[in-house]
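Student: This is what each chain is made of:
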Amino acid sequence: MLAFLGRRILIAIPTVFLISVFVFTLQHLLPGDPILVMAGEERDPEIIAALREKYRMNDPITVQYLAWAGNALQGDLGISLRTQQPVLELIAEKLPVTIQLAVMALIIAILIGIPAGVLSAYKKGTWIDWLANIIALSGLSVPNFWLGIMLILLVSVRLGWLPASGYLPLSEDPLQSIRVMVMPAFVLGTALAATLMRHTRSAMLSVLKSDYVRTARAKGLREGVVLVKHALRNALVPVVTVITLLFGELLAGAVLTEQIFTIPGFGKLVVDAVFNRDYAVVQGIVLCTGIAFIAMNILADAAYRVLNPRMSDQ
Amino acid sequence: MTDPSPLLDVRGLSIRVAGTAEPLVDNVSFTLNAGETLCIVGESGCGKSLTALALMGLLEGTPLRVERGSAMFQGIDLLSAAPDVLRGLRGDRAAMIFQEPMTSLNPALRIGEQIAEAVRAHRDIPRDAARARAAEMLQRVRIPAAGKRLDEYPHQLSGGMRQRVMIAMALANDPALLIADEPTTALDVTIQAQILDLMRNLGAETGTAQIMITHDLGVVAEMADKVAVMYAGRIVEAGTTAQVFDDPQHPYTLGLMSSMPSLAGDQGRLVTIPGSVPSPDDMPRGCRFAARCPFATAQCEAPPPLAPRGTGHAVACWHAPLEDFAVGQRREVPA
Ligand SMILES: Nc1ncnc2c1ncn2[C@@H]1O[C@H](COP(=O)(O)OP(=O)(O)OP(=O)(O)O)[C@@H](O)[C@H]1O
Ligand code: SF4
Ligand SMILES: [Mg+2]
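Protein chains in written order, with full-length UniProt numbering: chain X, 1 to 314; chain G, 1 to 335.
In case anyone wonders, no lab produced these hints; they're calculated from the structure.
One or more hints might be untrue.
[Stated by the list, open to error] Straight line, CA to CA, 20 Å or less: simulated EDC-like cross-link-like pairs of lysine to aspartate or glutamate:
1) X/Lys123 with G/Glu60
2) G/Lys148 with G/Asp128
3) X/Lys94 with X/Glu249
4) X/Lys229 with G/Glu136
5) X/Lys268 with X/Asp129
6) X/Lys94 with X/Asp76
7) X/Lys209 with X/Asp129
8) X/Lys94 with X/Glu172
9) X/Lys209 with G/Glu60
10) X/Lys54 with X/Glu42
11) X/Lys229 with G/Glu113
12) X/Lys94 with X/Asp173
13) X/Lys124 with X/Asp211
14) X/Lys54 with X/Asp76
15) X/Lys124 with G/Glu60
16) X/Lys123 with X/Glu223
17) X/Lys123 with G/Asp84
18) X/Lys54 with X/Asp44
19) G/Lys148 with G/Glu136
20) X/Lys209 with G/Glu100
21) X/Lys229 with X/Glu249
22) X/Lys229 with G/Glu152
23) G/Lys148 with G/Glu113
24) X/Lys124 with X/Glu223
[Stated by the list, open to error] Stretch by stretch, here's where chain G covers chain X in the computed footprint (C-beta under 8 Å, at least three residues):
25) 208–220
26) 225–234
27) 300–310
[To be verified] Label pairs and their computed distance ranges (CB to CB):
28) G/Thr240 with X/Ala302: 32 to 42 Å
29) X/Leu153 with G/Glu152: 56 to 66 Å
30) X/Gly224 with G/His155: 24 to 34 Å
Glycine is no exception: its CB is placed at the ideal position from the N, C-alpha and C atoms.
Given only the sequences and the hints, what does the whole structure look like? Please build it.
Tutor: And the structure:
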């Protein structure tokens with residue numbers, strides 16, 4: 001397993017390089033000049049010239065890239081044009097918020113989606129299956145923002161059970177932090193739960209027809225053991241792949257959800273940076289997201305190998 | 001005469017897909033005594049597997065239903081017992097192995113665990129005792145280096161080895177009855193012989209009665225004390241192996257005999273019975289073999305009963321034992 005991880009990380013290096021080049025180039029091809037934004041209303045030519053010098057905007061783009069990449073390797077992703085904070089610091093501050101949201105949403109999605117998928121496959125064609133499918137379909141078709149607003153109105157405004165917005169770091173008060181995040185995580189998790197449910201259902205349906213499930217029954221195992229130990233364990237192999245593919249959806253959804261619940265996370269950082277043409281921050285964010293994607297894929301492959309022993313000795 | 005009640009007494013078993021006209025398995029009866037081996041033989045699709053699955057209570061989740069019949073096994077009717085009672089029996093007093101060793105083991109679990117869980121499903125024993133039992137069983141099915149194999153996954157074993165694992169699993173609780181559904185069909189010829197050898201020896205060692213399903217008369221000759229020949233869902237001839245081989249009385253049995261590969265070493269079937277099995281939606285009301293039968297007459301439009309022809313021998317044919325037919329009287333069967 002360690003050798004496998006090492007190999008995967010080595011292979012990832014060129015990918016990270018390509019991402020960085022892509023990010024850097026694209027950024028500079030986009031219209032709009034951040035220096036003009038920074039210089040303010042007056043657009044004093046002297047200030048503009050000084051700013052250009054300061055941010056090395058006059059150097060050739062390759063020199064700019066090398067300087068940027070060299071610094072990035074040392075953990076220096078530059079300074080935000082707007083807040084003057086180091087980009088890495090900004091990201092390190094906001095990322096845990098979004099990770100907490102995404103992880104909680106994923107847990108909720110897994111806790112709802114996988115059991116629902118197992119049950120509806122097992123009870124295929126009964127009212128339980130129908131109900132699960134109808135709920136899943138609604139979960140997919142209800143837009144996040146609408147569900148979010150409705151939940152805020154009901155749970156926060158009417159019932160006063162949970163706060164409507166805000167954030168509390170996990171390190172300060174774990175329980176309270178989770179409590180504050182539950183509603184946004186639920187909103188973000190439901191659509192994923194629906195997708196997971198449908199994939200789990202179809203994977204379970206094919207696994208339940210397999211010979212080894214019949215063998216498990218022929219041994220006289222209890223239905224619960226047959227379902228979980230024999231069927232679900234094998235059905236999870238494709239489902240894990242789906243979870244990886246959902247990661248992008250999860251991040252995009254997190255950005256939107258943070259806006260609805262005014263959570264000061266990565267999403268807000270992204271939106272602010274893009275609107276202000278804060279090059280350094282956008283570059284840092286995309287780079288970090290790209291690396292996170294690669295890391296997720298490696299993790300998923302590792303999980304895939306654990307679930308699927310046939311892969312292990314290849 | 002001291003005839004203790006048989007280990008398994010199947011009477012009038014009929015299986016049908018709900019809403020279809022003719023049952024897929026029709027009025028099947030046979031008995032099996034302790035320690036005996038019965039072979040059920042017949043062409044593909046004649047209902048051998050359905051019969052076996054029905055006895056094990058494994059038809060659930062399919063559109064197939066047991067319509068009639070009883071199957072008394074150690075005081076329990078396998079066809080009407082509650083699911084929990086059947087689950088308690090399965091893998092314990094009655095076990096089954098399947099045709100496809102490649103897909104019948106769970107690819108995600110170590111084989112030691114797959115055997116041990118069969119033991120623990122029926123015995124309240126600690127994990128390491130179950131594991132020890134698994135190792136012992138692997139040894140008994142003659143798997144080399146059994147102790148080391150416990151932690152291997154099915155994909156690390158050949159087809160023959162996997163079928164040995166299936167046998168080990170099935171016999172782990174010393175069942176009184178083992179149903180083997182074409183256990184060697186998917187294997188190479190040399191491996192087939194080894195597995196059959198193993199099953200015969202283990203059967204003799206443990207006294208486990210076996211129902212061996214096959215479409216290969218060679219297997220029957222090697223394994224069986226008794227034979228039931230099935231055609232299109234019905235038993236057409238039953239008897240001891242000697243009776244059926246030396247004195248076949250049903251035209252279908254005769255056809256099977258002549259389609260057996262000769263001992264001269266030719267591979268495959270030399271003579272096949274012309275025509276094909278009637279499809280389930282198009283079952284004749286009378287004798288189901290009539291369309292392929294060289295002896296068919298108008299009488300055969302009524303279904304022939306499985307009638308006794310001497311002790312233990314029974315044949316379902318109006319014209320058995322066919323002695324009245326001179327060769328010239330046989331009709332031509334359209335191919
Ligand atoms: N789940 C099912 N639904 C409907 N029909 C079925 C089902 N399973 C089997 N059958 C039908 O029942 C008949 C008997 O099938 P069965 O599997 O018992 O045959 P078999 O004698 O075991 O044949 P083989 O030698 O190919 O294993 C076949 O015509 C088959 O098409
Ligand atoms: S009953 Fe008639 S059709 Fe059927 S096997 Fe006998 S002779 Fe042939
Ligand atoms: Mg079969």
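Student: Check each numbered hint from earlier against the structure, then list the numbers of those it violates in ascending order.
Tutor: 4, 5, 21 and 28
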